[in-house]
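Numbering-wise (the working numbering), the sequence shown opens with residue 1 and increments by one.
No wet-lab data here; the hints were simulated from the structure. Any given hint might turn out to be false.
Computed list of lysine-lysine pairs in BS3-like fashion (alpha-carbon distance at most 25 Å, straight line) [what the hints assert, rightly or not]:
| hint | residue 1 | residue 2 |
| --- | --- | --- |
| 1 | K6 | K79 |
| 2 | K1 | K62 |
| 3 | K37 | K79 |
| 4 | K45 | K79 |
| 5 | K79 | K39 |
| 6 | K45 | K62 |
| 7 | K6 | K45 |
| 8 | K4 | K45 |
| 9 | K37 | K6 |
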Amino acid sequence: KLRKLKNLEVRIIRDMSQCGGGSLPNLYLPTYCVAVKHKHLSVNKLHELLRSAEIPVICRIKDDYLLIDTRTVLADDYKHIFTVFDTIVQ
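The whole structure should be built from the sequences, with the hints applied where relevant.
This is how it looks when you write it as structure tokens:
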């Protein structure tokens with residue numbers, strides 16, 4: 001659905017995610033991420049807007065892309081994520 005929004009570049013990538021938010025510094029799990037880049041907003045600004053949404057969308061930055069780690073997203077979260085992106089990228 002994110003690919004339908006104008007001004008976004010969206011890719012699916014393989015990555016590794018750290019477990020425990022840093023409490024397990026040597027444990028990484030393979031994952032797939034939705035990598036997003038906005039055509040006009042910096043990745044830092046996009047990150048800030050997502051985190052400051054009424055219900056924040058938590059993600060990370062890597063290689064100038066915003067990564068949404070699908071390992072940490074519940075099925076019910078996808079609609080909210082799309083709604084937040086739809087609101088801020090238009």
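Output the numbers, in ascending order, of every earlier hint that fails for this structure.
Result: no hint breaks.
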